[in-house]
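Enquirer: Listed below, chain by chain, are the residues.
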Amino acid sequence: MTTTIQYMLSGLAIGGIYALVALGFHIMWSAAKAVNFAHGDTLMLGAVVAVIGVDQGVPLPLACLLGIAAGGIFGILLERFAVRPFVGAATSVGWMLTTLAVGVMTEALATLQFGGFSRPLPSPGVTGAVHILGAGVYPQELFIPVFAVVVVVGLKLLQRHTLVGRAMQAVAHNKQAAALMGINVNRITALSFGLASLFGAAAGILVAPVIQVSASMGAILGLKGFAVAIIGGITSAPGVVIAGFAFGVMEKFVEGYVSTAAREIVGFSVMVLVLLAFPQGLFGKREVLKV
Amino acid sequence: MGSRIGVGAGLAAVTMMSLLSAAVAEQMPCIGNSSATTGPAAFGGQAIKMGAEIAVEEINEKGGVLGKKLNFVQYDDAGAPPRGVDNTRRIALADKCIAMLGGYHSTVAVAQAEPVNEIGIPYVGVLAANTKAIENGRNPNFMFRVSAKDKWVARYLVDQALKVSKSGKVAFFYENTGWGNGAIVDVKDAMAKKGKELAAAETFNWGDQDMSPQVIRARDAGADVALLWALDREGNQILRSMDKVGWKPTIIGAWGIAGNLGELAGPLANGVEVIQTYTFMGSMDAKKQALWDKVKAKYGLKDPAEIKMGSGVANAYDAVHIIAKAIEKAQSYDWEKVRQALYTVNYDGLVAEYKPAFEASDPERQDAILPKYYKLTVWVDGKLLPIEQTAYGKTN
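For the protein sequence lines, the chains are S and E, in the order given.
Number 109 in the numbering used here belongs to position 109 of the first sequence; there are no gaps in the numbering.
Number 98 in the numbering used here belongs to position 98 of the second sequence; there are no gaps in the numbering.
Because the hints were derived from the structure by calculation, they are not lab data.
Among the hints, erroneous ones may be present.
Pairs of lysine to any residue, SDA-like flavour, derived with a Cα cap of 20 Å [what the hints assert, rightly or not]:
id: 1; chain 1: E; residue 1: Lys302; chain 2: S; residue 2: Thr111
id: 2; chain 1: E; residue 1: Lys248; chain 2: S; residue 2: Gly128
id: 3; chain 1: E; residue 1: Lys49; chain 2: S; residue 2: Gly128
id: 4; chain 1: E; residue 1: Lys383; chain 2: S; residue 2: Pro122
id: 5; chain 1: E; residue 1: Lys49; chain 2: S; residue 2: Pro120
id: 6; chain 1: E; residue 1: Lys132; chain 2: E; residue 2: Lys62
id: 7; chain 1: E; residue 1: Lys383; chain 2: S; residue 2: Pro120
id: 8; chain 1: E; residue 1: Lys49; chain 2: S; residue 2: Gly115
Let the sequences and hints guide you as you build the complete structure.
Expert: Here it is as structure tokens:
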């Protein structure tokens, strides 16, 4: 029983990380019908800037804010120079390749500046484990899935009750119609990328005390976060979060009762099967294209 | 037509042979190295550079080798085997070095064994510990090593583990890489030699964030000692998962956790033992102090803790001196003559007393550092100290 609870808690913590990454993909897709494949590296960027800040003697909260700001600026610049020039093209190859290229460059640059070692980001949330029905977990790990749920609720409120949120929905629905209604489509798209990257960098800082900070920390998180977004249905914020939690818990049970080696095989097989059965993801909406 | 092709092919072959023999005949007084100088293991390449450059300086201060100044050239392989193979060819055929040093990654070393023996340039590994890279079944074998060997490390760790285990049950955690998968065979073999089996053998991937399933299985198997074949990042996750599930075994690791585990895991790392061939930490004898003074002056370091892979510095330093002595014994830069001479070098080095460095009659003795020279260190408050200089040494 304790073992089962341990797998549930550990799975929710990991799943919360996937959910946060997947939410970033959801925000970008909702406004631009494009995503930043370097989003995993946005997490890394936020965490790396925070650690460098702490190294330079900047107080921890301020260093974290600097990391989040760096992530936001990164997202806006990336949208302007690596996504916007290619979004109108007939295929998606342009922005896919440019964002992937930016990701590789960012990781290489971070390795040069940050060195090869993983580094810790101090947090009171990982000084000691708390025990729930015999299973151990760090408070920081418990906070991650809670934060993901808060972000989903915040997003819904933003979309329903603010002008910017409604403009984002309008742009997502029909760019031309939104533009005719006086909405600055480019600005809203840039804003959505900036917002996704702000959350991405914050997520990076939040998970850093648990998984440690390194130049390569974003690669696998970005990949799994994208897989989770696809499984959950990239158009649905609650969908990607539920899928993130489920994916994390499933991984822990596969590791626990089958083997660690089987984890990726099972995980990505599930993704393929879900896509075959539900092309829009488990909770995604079918998108109708009118020609 | 057929005869023309035959004549053409013959001419081409003769030209190739003459080019190759020209390349072979003109070795230059240099020692090459392919190692990761960028990427996550760049600290390994940096350590090799420090040790090799200081040794080369010392040799040149005494007149170089056979009257010529010795050079050291280092190329980055970033841990990628194809780049390691390319660098091997470059060092042997373009730079025409007399010998080359190996790098940090076992996967690269294993890939280099083929071209090294094909070309016939003496290769001396100074970090990568994979058994098969050096014990590759080739005769003559141009692959040598002045570093730890996984097979011997495994026996050393198993000996230590069984010494401290009360239940006699040992768990093994290893990374799912060429290094880890090579080690599981060696550890199982070392256990079998003691008439035992591993209580649990658990694997993990680079970047895994939680190891609680593996740790729970090892705990439930009744193990009271955990052997780690991991790097710092994953070693830290194993320690944290042990903390979460409330399991406190004795932990002994190969040198992958000799980098910054103490910084990552904080107090959880206290008491974790790590095998090394050399450390700059703790009190220094005259020889160590002299080398540290040179490292400090040349690379602007302030504290020995800034050297992340002290074993790499010392191994590379000893390896370069051994190669230089072999060149003097051979009285030639010729690869085969130097290879033969390596079996005759006696040298009182930093890590070991090499008497001789290698033995031609024993394929296991292409490795110079015998297990009796391995050193046990222990993490104490973020510092990795020689175990005998700590409170942990008194309880062992």
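Enquirer: If a hint holds in the structure, say so; if it does not, say that too.
Expert: Results for each hint:
1. Of the supplied pair hints, the one linking E/Lys302 and S/Thr111 is violated, its CA atoms being roughly 23 Å apart against a limit of 20 Å.
2. For the hint linking E/Lys248 to S/Gly128, the alpha-carbon distance of about 14 Å falls within 20 Å, and the restraint holds.
3. For a cut-off of 20 Å, the pair hint linking E/Lys49 to S/Gly128 is broken: about 40 Å separates their Cα positions.
4. Note on E/Lys383 and S/Pro122: the hinted pairing holds, with a Cα-Cα distance of about 18 Å set against a maximum of 20 Å.
5. A distance of roughly 27 Å separates the Cα atoms of E/Lys49 and S/Pro120; the hinted pair therefore is violated under the 20 Å criterion.
6. Restraint check: the Cα-Cα separation between E/Lys132 and E/Lys62 comes to about 36 Å, which exceeds 20 Å; the hinted pair is violated.
7. A threshold of 20 Å between alpha carbons decides the hint, and for E/Lys383 with S/Pro120 the separation of about 16 Å falls inside it, so the pair holds.
8. Using a Cα cut-off of 20 Å, the hinted pair E/Lys49 and S/Gly115 holds, with the two alpha carbons roughly 16 Å apart.
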